[in-house]
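Asks: For reference, the chains in residue letters:
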Amino acid sequence: MTQPENIIVKGLSVSYDRKRVLTNIFLDLPPGQLYGVIGPNGAGKSTLFKAMLGLIDVNAGSTSFQGKKIEDCRKEVVYVPQRDNVDWTFPATVRDIVAMGRYPHKGLLQRMNQEDEAETARAMKLVGISHLQERQIGALSGGQQQRVFLARALAQGADTFFLDEPFVGVDITTEERIIQILKTLRSEGKTILVVHHDLNSVEEYFDQVILLNQRLIAYGPTPEVFTEENISTAYSSQLNILHKTGMIEK
Amino acid sequence: MDTILQVFQQEWALRALIASTMVGLTCGVLGCFIVLRNMALIGDALSHAILPGVVFAFMIVGYSVVGFFTGSVIAGLLAAVIITWIQQRVKTKNDAAIGIVFTAMFSIGVMGISWISRNEGVHLDLKDFLFGNVLGVANQDLILSGLVTVFVLYSIVLLYRPLFVTTFQPIIAQTMGFKVERMHYFLMLLLSFAVVAALQTVGVILVVAMLITPAATALLLAERLPWVLGIAGLIGLLSAVLGLYLAIEFETTPGPAMAVVATLFYLMAVFFSPKKGLLGQTIRKRRLQQRIQAEDFLKQSLKLEQREQLNKSNLQENLGFSRRVFGRIQSLLRRKGLLDNDGYHLTTEGRKEANRLVRAHRLWETYLVDQMGLSAENIHEEAERYEHLLTEDLLDEVEAELGYPTIDPHGSPIPRKAVRPERSLLSLAKNDHGRIALKQIDEHITAQLWQLGVLPDTEFVMRQLDSDFVEIEQEDRHIRISKSLAGKVSVASREQEATT
Chain A
1 MTQPENIIVK GLSVSYDRKR VLTNIFLDLP PGQLYGVIGP NGAGKSTLFK
51 AMLGLIDVNA GSTSFQGKKI EDCRKEVVYV PQRDNVDWTF PATVRDIVAM
101 GRYPHKGLLQ RMNQEDEAET ARAMKLVGIS HLQERQIGAL SGGQQQRVFL
151 ARALAQGADT FFLDEPFVGV DITTEERIIQ ILKTLRSEGK TILVVHHDLN
201 SVEEYFDQVI LLNQRLIAYG PTPEVFTEEN ISTAYSSQLN ILHKTGMIEK
Chain B
251 MDTILQVFQQ EWALRALIAS TMVGLTCGVL GCFIVLRNMA LIGDALSHAI
301 LPGVVFAFMI VGYSVVGFFT GSVIAGLLAA VIITWIQQRV KTKNDAAIGI
351 VFTAMFSIGV MGISWISRNE GVHLDLKDFL FGNVLGVANQ DLILSGLVTV
401 FVLYSIVLLY RPLFVTTFQP IIAQTMGFKV ERMHYFLMLL LSFAVVAALQ
451 TVGVILVVAM LITPAATALL LAERLPWVLG IAGLIGLLSA VLGLYLAIEF
501 ETTPGPAMAV VATLFYLMAV FFSPKKGLLG QTIRKRRLQQ RIQAEDFLKQ
551 SLKLEQREQL NKSNLQENLG FSRRVFGRIQ SLLRRKGLLD NDGYHLTTEG
601 RKEANRLVRA HRLWETYLVD QMGLSAENIH EEAERYEHLL TEDLLDEVEA
651 ELGYPTIDPH GSPIPRKAVR PERSLLSLAK NDHGRIALKQ IDEHITAQLW
701 QLGVLPDTEF VMRQLDSDFV EIEQEDRHIR ISKSLAGKVS VASREQEATT
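Going down the list, the sequences are from chains A and B.
For the first sequence, position 173 (counting from the first letter as 1) is numbered 173 according to this note's numbering, and the numbering increases by one without interruption.
Add 250 to the 1-based position in the second sequence for this note's numbering, that's all there is to it.
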């Protein structure tokens, strides 16, 4: 029942320095869904994103977006990486960064036009950072920084979104705002994948879950996949600790 | 002492001036990307690594500006490729890889020079190579520098967007379809060009000063990349020209003079940059500290007053300020009209300010407990710090988010925001008609009115004004409202009534 508009991952395997990080991942993801990528630390969640996006070398396997290779649809696929590894002292304002989302639409000799500026303004308004647009990016809170990156992704106007841990180090208001925006995008038919680690909010946030721990544990609709049994397989050794800290209930 | 104009009327000096201007500008602008990409060491490496290129070019085609240029660029790019290759394929640390490559290439170049001097009987001056010889610039050199300047600046303008993204976040640049590696090597090419052009002016050792120092200075002064590029170019240009002038005037070597001038600009920015300068930082820190002390003073005074223990010695003891600080804050607050002349009682304004602080403190504590899940025991210090930093807008937001709490986690009341309605219920006289405004000063008031059964935007008659309550009649019901609440209830203005 593979549909041509799906995101299809075939036999993806990745290793760093001979250590296997991902083994033989197969996925077939219909569009218009909000996916949570769940798994313990070191499960290879970020690696899966990078491999699917063609940012790292893979040992084997391939990913296709609506039947196309990633290289042929860069404009349509957008990535929001984790906030660390970014030089926040960089001389750029919020608007400069959000406007970056328009760059893929511009040829070398084309200038930014009114449409680009309107898209940039719209994206900033949507995530609620319009009042910060002249601010240097270092003078923002964690939540605001995350909103800037989301706004850039929105300004790009892509069909598929990859967000790596967008809720780490952000305030509750931002988290709610982001999930609300993601749900709106989903209802507009966009496909959204989110690496997420807070097991408590999985059922509330995601339509579908991809459970991962170096290999694919299970994936599919949240009620079917996000079960005690699957979670305990994915988290095996970590489960006891989680019980003790009360992060999940027995 | 000759004026600048007189000095530069001589032809050799004018040529030197033109060369310095171009080099200062090019290196300044290009240097911004080098600094932002943490490639300062690479700039140094490339400049040293081009020596063998010059030497081999001389062996092959003899003394030729174009030959030197070609040889240098090839050597520079070769160094960049080898360095990148080692960094990616061999497990040698990045800076170690750079060090190995450039010292090796530089050494080969130096050996080549000795070999040429011995066997060909030609004397190549290593000193010119090391420190530049801007006063000996020939027309051919000028043309070459001019071409390099135009090419580098034009490339940066044209490739501004890819350069910006690949520098800020290479991984995002990649997902946007930019060729990150290609940009890296193109930048290396531009760098090689700039280094070769700068060789005549400042020499290998000091090229890096022209690349790094103006860029680092500009980064202290501006917060947007286009401005940084412009300011760095200007500082580079000024350093080169002023350095050249000073060198001619005081008969010293131009290259080092330029580097020294650039460093002076840098030091000035370090101390006096409005936002990032040390001076501004110290002043801001001092001001913040003083504000915090003043605010603590107000709060303590209010607290003691409420406990009826307010006197000077209690206040001083509770605050723990030295006598000098105490006196300074006292006079500061009195000047602002927040403190009575006795030096410890609050004025009405002062009380308002103190209440605002208590509100900030308790709201923040409530926020930390309710929303962040911290325990009530260890939030006081945090709130003590943040009460000084929270803006009024943020507090309103926090209050709304918390659902307008009345007590904090320790059970103390949270003071209301001191806002007065434009026209309150108390402004009406007996038997006046009026309407309760739709929008009250805060949702708290709306809620209280709702509880009392007072309907907004519905006509009422003022029936009684007592010393501690007012009574209104609305839709045949008599409702009593406490005076403190009545003072905060907004009544629709007459114009609004007229329109309804």
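Keep in mind the hints are simulated off the structure, nothing from the lab.
Check before you lean on any hint, since a few could be wrong.
To be verified - Below, computed lysine-lysine pairings styled on BS3-like, alpha-carbon distance capped at 30 Å:
(1) A/190 <-> B/429
(2) B/343 <-> A/19
(3) A/69 <-> A/19
(4) B/689 <-> A/125
(5) B/429 <-> B/553
Since the model is a prediction, treat every value here as computed from it, not as a measurement.
Asks: Run every hint past the structure and note whether it holds.
Replies: Results of checking the hints against the structure:
no. : hint            : verdict
1   : A/190 <-> B/429 : holds (27 Å)
2   : B/343 <-> A/19  : holds (21 Å)
3   : A/69 <-> A/19   : holds (26 Å)
4   : B/689 <-> A/125 : holds (26 Å)
5   : B/429 <-> B/553 : violated (64 Å)
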